[in-house]
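S.K.: Starting from the known structure of chain A, fit chain B onto it as the hints suggest.
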Amino acid sequence: MMERRPAWSSAFAPGVLQTLRPVQPIDDIDREWAWGGSTGRGIKVAVVDSGVDAAHPAVGRVDGYVAISEGPNGLLYDTEPHEDTYGHGTACAGIIRSLAPECEIYSVRVLGPRLTGRGVVFAAGMRWAIENGVHVCNLSLSTSKRDFFGLLHELADQAYFGNVMLVASANNMPVVSYPAVYSSVFSVASHDLEDPYLFYYNPSPPVEFGAYGIDVRVAWSNGGWFTATGNSFATPHIAGIITKILGKHPDLTIFQMKAVLRALAANVSRGAGRAHQVPLEAEEDEPSLDCGKVGGGSP
Amino acid sequence: MDDNPQAGDRDTLARAQETIARQAEEIERLRRRLADERFAEDLREVLTLVAAGSTIASPVTHSRLLEMIVETAARVISARAASLFLVDEEAQELVFEVALGSKAEEVRKFRVPLGHGIAGLVAVSGQPMAVSDAERDPRQAADIAQSVGYTPQSILCVPLFYQDQIIGVLELLDKEEASSFSATDMEDLGLFANQAAVAIEQSRINRNLEALLSEVLESIGGATESQRQDLQEHARAFAERLEEDAAFGRALDLARLVQEIAHRGENELKACQTILKGFVEYLRLRPESASELGAIL
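The listed protein sequences correspond, in order, to chains A and B.
Residues in the first sequence are numbered consecutively from 12, following this note's numbering.
Residues in the second sequence are numbered consecutively from 3, following this note's numbering.
No lab work stands behind these hints, which were simulated from the structure alone.
Beta carbons are placed, not taken as given, at the ideal position from N, Cα and C, and that holds for glycine.
This list has only true hints and no planted wrong ones.
Covered, in the sense of this in silico footprint (three residues per stretch, anywhere, with C-beta under 8 angstroms from a C-beta of chain A), are these stretches of chain B:
#1 121-130
#2 176-187
Estimated spans, in silico, between C-beta atoms of each pair:
#3 A:Val279 with B:Gln165: 35 to 41 angstroms
#4 B:Gln165 with A:Asn143: 31 to 37 angstroms
#5 A:Gly82 with B:Asp166: 23 to 29 angstroms
For reference, chain A alone in the conformation it holds in the complex:
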């Protein structure tokens, strides 16, 4: 007998309904549970930016490329290896690599010299990442053009349901920019504590997470290094941490990941009711912490 159900309800029918594994109670989550022993292996991270310089020692390896530009008859997708037009994408990739040394990095170049129609190209870069099996997508750029609100929102929703974690920079300027303001993304702004693993949760979004983004030593093009400030550099810290967590817990959904991050945030009070201070000494056992600190002389 044909069972009658309202639209969209078939996923909840007997025999179709999936059984899922329970998650650790949130109160018990600590860094060891979240990413202890994880190097981000098996996790694909797209850096949608100005390109990534694979030759930079901070990056080490790039596993795939796509450079998107506008051609006379539509968008062009070039999957040949490319360079970084500015250094900005290399900076982001270097931070992610330092936190998740064995993750796969994919350079999705949407910024380039003489770039026109960048909102469209930017959206195409996001779409490429979402539709090509990437797990985490670092978006240290944004557009404030209202024209792109709908298009980028649709992509952000597609990413959410596809469990592609979009980590997006909030603009440092007092302007609204997309996709950082969407609730489905991990939006990031900066704090100035020199600890790549320390982040805060903001209970009054739109910006949900604060990570190390002020006076950060970052890789740049031509093998160079900078000390730079910007939410652009806070974002890959959260992207790197998410990559590490996914390396150990690949089944986590976006809302679970947000709950995990919130539980690990340095401003979440625990136990005796005082603000939780990150036990820095506990990090000495963390194998990738050294990599996390980019300082100490360029190679």
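M.R.: Relative to chain A, chain B alone:
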């Protein structure tokens, strides 16, 4: 029993520490408020000047406006040098409009392809950036700065947004008495840049409109010199009141109508003037009703 006085001392000490911490917080809050107020005052000052400047709406004033913006930004954020670039959409270049520093004249109208150095990145990414201690390859960060003969240690660069478009970038070089620009500097300069972008665009609109109206009036052959001067005055006064793009669009329409009428002949122009004058006189005499005030709001 001996423990109690010690416990009391500890409590007193803890309370004292709390008080000191609170006072320190309060002092910091006051310091910030003062700084904010000073910043707001500077901002008001420059915008007042901008408003005054736009009433003249000449090319000289437009460049003076840009200079004032750069000077104010450098003063408020305590930077040793500063520059302002506007985007040339067609050429996909940044045009150096103002540079504060010894080689300012040399670099005026210097052009940089979009995608060059920090300013180029900020212009395409829309994300402000602060850089300090450029190592290994300082040219990458400071290529433009070097062209003015100045190699900075630190850079703060923010985009100039107007109606969702990046119309330029504002770049400050070397923070006074500090190794780098702070996140607060970035925030302040961002706020300032938003105001500056509005002023720049409005000044540009006024300038364009006046040039257009002058052209239209020049083309009116039938009018006498005094009539033309009269119209010129009206056009100027009209340009001064323009504040938004929508108004600019309406003015363009009006100017085109007047031009078309003038081309038909002297009699048509006279008729047009009579009608317009009559309408203006009627408007002046007509009492304002509540609903009209509502419409204005």
